[in-house]
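**Q** Okay, here's what each chain looks like letter by letter:
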Amino acid sequence: MYLYLPVALTSIHVFIPVGLGLAVGLLSGLFGVGGGFLMTPLLIMFGIPSTVAAATDSNQIVAASTSGTYAHWRVGNVDFKMGFYLLAGGFTGGLVGVQAIKVLNAMGNADFVIKMTYVFMLGIVGTYMLIESLGSMRKKPSEKAVTTKESSVTRFFKSLPMQTHFEKSGVTHSALVPIFFGTLVGVLAAIMGVGGGFLMVPVMVYILRMPMHVVVGTSLFQILFNCIEVTFLQSYTNHNVDFILAVLLLLGSTIGAQVGAVFGRKLKGEQLKVILAVIVLAVTVKIVLDLTLNPSLLLTQGGGH
Amino acid sequence: MRVTFLNVGVRRTLFACAFVAFMIAAAGNASAELTATANHDHIKIDFFYHGGTVSVRGVSDRGTDLIIKITSPEGHEVLRQKGRLAGLLWMNVGKLTFEKVPNLYSIHSTKKLEDILSADEMDKYILGYPALEKHAEVGPVAGEDEKTEWFNHFVKFKESSQLYSTSLGKINITEQGGKQNYYVLLEWPYQAQPDHYTVSVYAVKDKKVVETAEAHVLVDQVGMVKSLAGMAKNNGALYGIISILAALGAGFGVGMVFRKGGGAH
Chain A
0 MYLYLPVALT
10 SIHVFIPVGL
20 GLAVGLLSGL
30 FGVGGGFLMT
40 PLLIMFGIPS
50 TVAAATDSNQ
60 IVAASTSGTY
70 AHWRVGNVDF
80 KMGFYLLAGG
90 FTGGLVGVQA
100 IKVLNAMGNA
110 DFVIKMTYVF
120 MLGIVGTYML
130 IESLGSMRKK
140 PSEKAVTTKE
150 SSVTRFFKSL
160 PMQTHFEKSG
170 VTHSALVPIF
180 FGTLVGVLAA
190 IMGVGGGFLM
200 VPVMVYILRM
210 PMHVVVGTSL
220 FQILFNCIEV
230 TFLQSYTNHN
240 VDFILAVLLL
250 LGSTIGAQVG
260 AVFGRKLKGE
270 QLKVILAVIV
280 LAVTVKIVLD
290 LTLNPSLLLT
300 QGGGH
Chain B
0 MRVTFLNVGV
10 RRTLFACAFV
20 AFMIAAAGNA
30 SAELTATANH
40 DHIKIDFFYH
50 GGTVSVRGVS
60 DRGTDLIIKI
70 TSPEGHEVLR
80 QKGRLAGLLW
90 MNVGKLTFEK
100 VPNLYSIHST
110 KKLEDILSAD
120 EMDKYILGYP
130 ALEKHAEVGP
140 VAGEDEKTEW
150 FNHFVKFKES
160 SQLYSTSLGK
170 INITEQGGKQ
180 NYYVLLEWPY
190 QAQPDHYTVS
200 VYAVKDKKVV
210 ETAEAHVLVD
220 QVGMVKSLAG
230 MAKNNGALYG
240 IISILAALGA
250 GFGVGMVFRK
260 GGGAH
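These protein sequences, in sequence, are chains A and B. For the first sequence, numbering that gives the first Met the number 0 assigns the number 304 to the last residue and increments by one with no breaks. For the second sequence, numbering that gives the first Met the number 0 assigns the number 264 to the last residue and increments by one with no breaks.
Hint data in this document are derived by calculation from the structure and do not stem from the laboratory. One should not assume that every hint holds.
Stated by the list, open to error - To give an idea of the interface, some chain B residues facing chain A are shown, with a C-beta separation under 7 Å as derived from the structure:
id	residue
1	I44
2	Y124
3	I125
4	F156
5	Q192
6	H195
To be verified - To give an idea of the interface, some chain A residues facing chain B are shown, with a C-beta separation under 8 Å as derived from the structure:
id	residue
7	P5
8	P40
9	A70
10	D110
11	F111
12	S150
13	Y205
14	I254
15	L298
16	T299
Bear in mind that the values here come from a model prediction, so they are computed numbers and not experimental data. Cβ atoms here follow ideal geometry from the backbone N, Cα and C, with glycine treated the same way.
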């Protein structure tokens with residue numbers, strides 16, 4: 000059955016968005032990412048204008064991350080305190096990132112900087128996660144304890160003021176640390192036009208040293224707030240949110256997120272990291288191919304990125 | 000032929016209310032000889048709309064060739080232009096503006112345009128892609144060759160979403176006395192946005208247009224589709240809040256259902 004999308008101004012078979020929602024929602028519940036880096040290109044591939052695809056995706060992520068956060072919260076895997084600090088940083092970073100895009104556009108090579116940032120961030124994050132998690136899967140627990148020797152970075156973090164304990168995550172940090180990294184991810188995410196879950200998850204795992212299962216729940220919690228903000232701004236200023244498309248997507252993604260959360264509990268943190276690393280690397284390869292293979296059309300719709 | 004049309008027509012026009020079927024549009028105005036009628040003068044976009052068919056029929060002088068052109072009003076489009084950076088990476092390298100181009104342009108003729116019409120006539124009536132290219136303004140480009148190159152990319156882009164199309168020999172002609180009846184059934188793309196479309200029919204003889212006739216097709220949104228599109232455009236804040244609340248509600252709702260269903264924790 001086909002349905003007409005009033006804002007995208009196109010018609011789509013209902014199975015396509017519901018199926019995409021289910022698949023991306025599953026990843027969302029499993030890994031704590033919004034999945035925009037997968038969903039937006041897929042929607043464009045199915046004929047949705049790029050600006051509508053990005054805006055509508057943030058609307059459906061509100062639903063998927065609510066569903067996912069709820070599922071993780073029920074089993075005590077959401078660190079609200081950490082989430083709020085990251086959010087405060089992310090919000091500031093978003094504002095800075097939007098200004099950065101304006102400067103890049105004025106300089107005339109915005110697309111190059113955006114694409115390169117995307118490829119390098121995905122490539123570095125994916126490779127590091129893959130190597131690290133495969134390495135720690137091979138190590139015995141006794142060896143792990145030895146490797147947690149204090150690095151200079153850790154010593155620097157400990158010397159910062161405003162030290163506070165995050166009970167759910169079982170870590171102590173200066174409040175400045177999550178705020179700073181939240182801001183950094185916010186800037187990069189705004190430049191790349193993505194939610195930034197795939198950057199936030201490694202930051203929480205490797206820099207904030209949070210346990211993987213709490214990372215997933217907390218990441219979803221802060222994605223939820225980011226996407227509420229983006230959905231509102233997109234509706235208010237750009238009129239790009241397609242409500243019908245969002246409903247079709249969330250029919251799949253809310254259920255996918257629940258299934259992902261249940262399934263995630265059965266996997267070990269290291270296993271989750273390996274799978275996420277492989278997905279991130281696959282997306283990197285896809286983007287590199289898009290950049291190097293001859294495109295079928297040399298003209299595309301304007302707006303967005 | 001007629002039976003096939005009815006079957007296809009009936010099946011494809013489920014999207015529109017039955018009463019609009021076969022309503023008669025504005026009839027030919029240029030002459031007493033050439034007439035043009037579209038079976039739908041009003042295509043209504045509701046939730047289940049997935050494009051449809053429009054048939055054009057009429058009468059012309061015996062021995063004339065026919066060209067049928069469907070266009071939307073002329074407008075301008077800004078598109079992103081891809082190019083190779085450093086000879087290696089495909090990037091958006093700029094924007095191109097196309098002026099005086101219709102969003103939809105569809106040409107159907109009994110024979111190849113170049114064989115039945117002089118270049119001047121094609122340009123005069125904007126018939127065929129080369130004539131449309133001459134009429135259009137493309138910028139920024141360096142010279143005519145670059146204009147042609149990018150206009151061809153533009154046509155390819157439009158054809159990929161079925162908004163530009165051409166066909167040859169699709170028009171069915173049956174002779175009757177000194178006249179000929181013509182009939183063509185055309186796919187109406189669902190990508191065609193709400194607008195006023197003009198169906199122009201040209202009767203051609205000795206490389207010249209001898210008569211023209213016109214019909215009109217209005218495409219617009221109705222019901223919920225119209226209300227939602229209007230709200231998104233005119234009341235963005237409320238639309239955004241409703242979208243967010245619906246998403247939050249759905250997220251919590253599904254969460255509750257799974258808790259009851261799962262029960263393990």
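**Q** Quick check: which numbered hints come out false for this structure?
**A** Result: hints 2, 3, 6, 8, 12 and 13 break, sorted rising.
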